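Modelling step: build the complete structure from the supplied sequences, incorporating the hints.
Protein chains: 2
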Amino acid sequence: MSNFLPTAPYRGTRDFLPAEMSVRTQVFHALYEVIERYGYGRYDGPILEPVEMYEAKSSREIVEQQLYTMTDRGGRRLALRPEMTPSVARIIAGNAGSLQFPVRWYSHPNCHRYERPQRGRVREHWQVNVDVFGSDSAAAEIEFFELIHDMMAGLGATPDMWVLRVNDRVLLDSMLTDVVGVPAEQVRAVSGLVDRWEKYGADKLAEDAAEIGVSDKQFARLGEVLAAGTAVLDEIPDEAKAQSRLVEVLRDSAASELITYDPLIVRGFDYYTSTVFEVFDQHPDNRRSLFGGGRYENLVGLYSAQRIPGFGFGMGDVTLFDFLDTHGLTPEPRSDVDVVVIPLAEELFGVARRVARSTRAAGVRATTPLDLRKLGKEIQRAVKSGAFAVVIVGPDEVNDGQVIVRDLATGDQRNLEIDRVGPAVAEMRDTHGK
Amino acid sequence: MSNFLPTAPYRGTRDFLPAEMSVRTQVFHALYEVIERYGYGRYDGPILEPVEMYEAKSSREIVEQQLYTMTDRGGRRLALRPEMTPSVARIIAGNAGSLQFPVRWYSHPNCHRYERPQRGRVREHWQVNVDVFGSDSAAAEIEFFELIHDMMAGLGATPDMWVLRVNDRVLLDSMLTDVVGVPAEQVRAVSGLVDRWEKYGADKLAEDAAEIGVSDKQFARLGEVLAAGTAVLDEIPDEAKAQSRLVEVLRDSAASELITYDPLIVRGFDYYTSTVFEVFDQHPDNRRSLFGGGRYENLVGLYSAQRIPGFGFGMGDVTLFDFLDTHGLTPEPRSDVDVVVIPLAEELFGVARRVARSTRAAGVRATTPLDLRKLGKEIQRAVKSGAFAVVIVGPDEVNDGQVIVRDLATGDQRNLEIDRVGPAVAEMRDTHGK
Numbered sequence: 017m018s019n020f021l022p023t024a025p026y027r028g029t030r031d032f033l034p035a036e037m038s039v040r041t042q043v044f045h046a047l048y049e050v051i052e053r054y055g056y057g058r059y060d061g062p063i064l065e066p067v068e069m070y071e072a073k074s075s076r077e078i079v080e081q082q083l084y085t086m087t088d089r090g091g092r093r094l095a096l097r098p099e100m101t102p103s104v105a106r107i108i109a110g111n112a113g114s115l116q117f118p119v120r121w122y123s124h125p126n127c128h129r130y131e132r133p134q135r136g137r138v139r140e141h142w143q144v145n146v147d148v149f150g151s152d153s154a155a156a157e158i159e160f161f162e163l164i165h166d167m168m169a170g171l172g173a174t175p176d177m178w179v180l181r182v183n184d185r186v187l188l189d190s191m192l193t194d195v196v197g198v199p200a201e202q203v204r205a206v207s208g209l210v211d212r213w214e215k216y217g218a219d220k221l222a223e224d225a226a227e228i229g230v231s232d233k234q235f236a237r238l239g240e241v242l243a244a245g246t247a248v249l250d251e252i253p254d255e256a257k258a259q260s261r262l263v264e265v266l267r268d269s270a271a272s273e274l275i276t277y278d279p280l281i282v283r284g285f286d287y288y289t290s291t292v293f294e295v296f297d298q299h300p301d302n303r304r305s306l307f308g309g310g311r312y313e314n315l316v317g318l319y320s321a322q323r324i325p326g327f328g329f330g331m332g333d334v335t336l337f338d339f340l341d342t343h344g345l346t347p348e349p350r351s352d353v354d355v356v357v358i359p360l361a362e363e364l365f366g367v368a369r370r371v372a373r374s375t376r377a378a379g380v381r382a383t384t385p386l387d388l389r390k391l392g393k394e395i396q397r398a399v400k401s402g403a404f405a406v407v408i409v410g411p412d413e414v415n416d417g418q419v420i421v422r423d424l425a426t427g428d429q430r431n432l433e434i435d436r437v438g439p440a441v442a443e444m445r446d447t448h449g450k
Numbered sequence: 017m018s019n020f021l022p023t024a025p026y027r028g029t030r031d032f033l034p035a036e037m038s039v040r041t042q043v044f045h046a047l048y049e050v051i052e053r054y055g056y057g058r059y060d061g062p063i064l065e066p067v068e069m070y071e072a073k074s075s076r077e078i079v080e081q082q083l084y085t086m087t088d089r090g091g092r093r094l095a096l097r098p099e100m101t102p103s104v105a106r107i108i109a110g111n112a113g114s115l116q117f118p119v120r121w122y123s124h125p126n127c128h129r130y131e132r133p134q135r136g137r138v139r140e141h142w143q144v145n146v147d148v149f150g151s152d153s154a155a156a157e158i159e160f161f162e163l164i165h166d167m168m169a170g171l172g173a174t175p176d177m178w179v180l181r182v183n184d185r186v187l188l189d190s191m192l193t194d195v196v197g198v199p200a201e202q203v204r205a206v207s208g209l210v211d212r213w214e215k216y217g218a219d220k221l222a223e224d225a226a227e228i229g230v231s232d233k234q235f236a237r238l239g240e241v242l243a244a245g246t247a248v249l250d251e252i253p254d255e256a257k258a259q260s261r262l263v264e265v266l267r268d269s270a271a272s273e274l275i276t277y278d279p280l281i282v283r284g285f286d287y288y289t290s291t292v293f294e295v296f297d298q299h300p301d302n303r304r305s306l307f308g309g310g311r312y313e314n315l316v317g318l319y320s321a322q323r324i325p326g327f328g329f330g331m332g333d334v335t336l337f338d339f340l341d342t343h344g345l346t347p348e349p350r351s352d353v354d355v356v357v358i359p360l361a362e363e364l365f366g367v368a369r370r371v372a373r374s375t376r377a378a379g380v381r382a383t384t385p386l387d388l389r390k391l392g393k394e395i396q397r398a399v400k401s402g403a404f405a406v407v408i409v410g411p412d413e414v415n416d417g418q419v420i421v422r423d424l425a426t427g428d429q430r431n432l433e434i435d436r437v438g439p440a441v442a443e444m445r446d447t448h449g450k
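Chains A and B, in that order, are what the protein sequence lines are. For what it's worth, my numbering labels the leading residue of the first sequence as 17, then goes sequentially. For what it's worth, my numbering labels the leading residue of the second sequence as 17, then goes sequentially.
To be clear, the hints were calculated from the coordinates, so they are not data collected in a lab. Take these hints with a grain of salt, some might be off.
A pair counts as met if it fits within one copy or between any two copies, since identical chains are not told apart.
Claimed, not checked - Only pairs whose alpha carbons sit at most 20 Å apart, straight line, appear in this in silico SDA-like list of lysine to any residue:
1) K400 to D166
2) K400 to G113
3) K233 to Q42
4) K400 to L424
5) K257 to Y130
6) K393 to D423
7) K215 to F235
8) K400 to N111
9) K400 to P349
10) K400 to G150
11) K400 to A112
12) K390 to S153
13) K393 to G150
14) K390 to D152
15) K220 to R27
16) K393 to S153
17) K215 to G113
18) K257 to D446
19) K393 to G113
20) K220 to S207
21) K390 to L424
22) K220 to L171
23) K390 to G150
24) K400 to L115
Being a predicted model, the structure only gives us computed values, none of them experimental.
Here it is, written out as C-alpha cells:
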C-alpha cells in the first residue's frame, strides 16, 4: 500500500471538484459582470515572469521569503508571479503606444506565495485584479469606490456587512510630520507602525516605537491622533490637503458616502503613493481586511520613461470566501446535468443518444448511461446528480415513436413523440427555474 | 535607456490584451457550452504538482527535457504541470469514495513545457481537457465522438474542414503481430515507427525500421498494410476484433459515420491502452493534428488499488487557433464598452456618474471620462472604443432634467429624461445586436 503516491494536492494549494468549482465560478462571474459593466476589459499574462521584475519593486518579504523561483534550461531566472501588478505594469508599458488611455483592465490570475498555510493564507490563490491606467484625476478614485460598492452588492452583501476605509499617503505623511512631529527620516518606519496598529497590543507597539526612536510624547500623541478619526483632518495643513485626492472625494457629497476616512489605513506595498484603501468585514467573527488597493504615481517606471499613473486593487479568493461563508452568502453548487435519458435495453442506446442529442439542441444538458442498469437504480442516480427529469426509452414506446418523460420533482410522467422531447424539457427547465 | 527591464513576456509565453482575451474567451466559452450540454462538470487543480507524479507516468521526453521543476523551501520537488491527466487521475483517486461513476469532468488549465518556441508550440498553453472515468463500455467512445462533432460545430467548423481518425491499440498490436508478423518484443518499437509514418520520408523510415530489427520483407508488408486503410480490418483475426471497442463502434451505423478508422493513428502517450484518436485539419495549408486522446485501462493505479478506466482528450489553444485562423473562423474581438457618458463641464461629472449608474443597472456597459476633454475628441474616443452610443451631459439639458443620447452608428440624437436613459440604451443595444 505504501507504494501509492499521495492524492492530496501540494500543501497550500487546492483541488476544485465540480461542486466547489461551480461555487467559485458563480462568485467570480458575478464579479466579472459588475466589472465589465464599468467598461473594464479582461486581460491575461503568463504565470512565469523574470525574477528581476519582483526584485526591483515588490516588497522584501515577498522576494526574500515568499517567491517560488527556478532557473530554466537556458539559464533564465524565473518566478511564479506572486501578484499581478508587476505583470500588468509590464504589459501596459510594452503596449502604451497603441492603447487609448485611460485604460480600464481586469484579470483573474492565480498567484503563488510560499507561506505557512493557515486561515486566509494559501500558497496558490486566485485574485481578481482591477486597474485603471493613465489618469491623475480623483474621478478614478470615485469610480473605484462606486465599483467596489457594486461588486459587494453583486455578491449579495448589504452595506452593513463591510466598510471601505480610505486614507491618503499624502495625508498620512503630513499627519506624522506636521501633526505628530515625526522627523522626516522616521516617517517610513512610523508608517509601518501605524500599519500594525490594529494587529499588535499596546505594549508591543510602544516597544516598536521606542526601537524606531519615537519619543514617549510623540507615541502618546500618535495614539490620540489615530483615535480621533476624521477629526485629524482639521489639524492637517491646507497645503497637504490641497494635494490629496481623498480630500477632493470627501468634498463630493455623493462620493463621500461611499467611504470612511481612516488614518490607520497604510497598505504595505511600496508602490502606493497617494490614496490607499482597505475593505473590512464588519462581522464580529471575521473583522479582517478583505482586500485593498490604491493609487500609484507611476508603476511603469521600470519599463519606460513614460509616466503612467494608475489606481487599482486585487481581491483574493480565500478571504473573499471566508467573508461569504461568514455572512451566509456562498451560493449553492449547481448540478451538472438537467436530464438523464435512460434506455431500458442495450439495443435502445442508439435511440437514447438521439433523444439526448435533441435535448441538447434545445439547450438542455443531457446524459445517457454508458452501461445498462435497472431503471430504479438509474432514476436514483439521476436524482442524486441533480437532474430535474428523466426520459425513459422503452421498447414499446419506441415502437410507437415515443418515450416517457418524468419530472423528478413532482413524479408526473407522460408519453411524448421523440421529436417533442427537446422543447418539452426546455419548457420544464424554465418552470423549474434552472 | 538600457536600464529599463524588457516588456516582452518570457519566451514561449503570451500576454493576452483585452482584444486577444476576448477572442480566447469567446472560443472557449463556445466549447464550455457544448461540453456542459453533455453533462460534464468543470474542475480545477493546482499548477504545482510533485515531480514524482510525472516521473512515474509521463513520457520520457516530457520528464527529462520539458519539465519545469523547482524545489520549495521545505525541500519538496515540484513541477509546473506539463499536462492535466496526472492531476485529474490524482484527484479522482483521492475522491473516488464520494463520486458517482461514470464521472464526466472537464477543465481548462494552463500547462507548461520547455520547448523551443515555433509554430504550434509554446511553453505555456491553455488546454481544454475532457474525461470520463469509470466505464469500460464503448458507449464512452461514441459519446466522445459525438461530443467532438458538436464541439467542432460549436466553433463554426463544417465537417469538410476536419476528420476524426481513430485506431485501437488492440487492433494495432494484432495488425503488427498477426498481419505483418512483427515479433512481440518489437511491437512497441514498431508502433513508434507507425506513429512517425506520416512525418518522415520513406528513406528515414526504412533506416529506422532496419535499426529496430524489422526485416525488409516485413517493412514492405507494413507499408502495404498501412496503405490499405479500412481493408486491414478484414485481415485482423476475430479474437482481436472481439476485444476492440472500436470495432463495436464501427458496427453502429450512426456512430461509424462520425469517424474514420485509420491504422496510422498511434498517439505517443504510454497510458492509452485501447481506442486512440486524433482530429486532423483537412486544409491543404495546415494538415496537422489538432488534438487527440483515447482510452486508458486504468489511470489511477499510481494512487490506489481500485481500477478506474477512462476515456479522454486534451485540446490545446495554439493548434486550435491556427485551425480557426486557417479556416477564417476566428471570432472578432468584442468591444469593452457600450455607452460613454460625457459631461461637458467639471461640475457635471457627478451627474454623468449618476447616468452611467442607471445605464449599468439596465445591464449596459458604461464609462465616464476621468478628465475633461472637448466633446468632439471624446466622441472620437468613444467610436474608437467600439461604443454604440454616447450620452452627452450638458448644462442646459441637465437644468431641464435631461441629457442627449446619440447613436454612434446612425448619428441620430434625441433628448431624454435622465431616468429614461437606462431603458433607452438597453433597447438600442438590442437593436444593434450586441
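Worksheet item: Which hints, by number, does the structure contradict?
Response: Checked against the structure, the hints that fail are numbers 1, 3, 5, 15, 17, 18 and 22, while the rest are satisfied.
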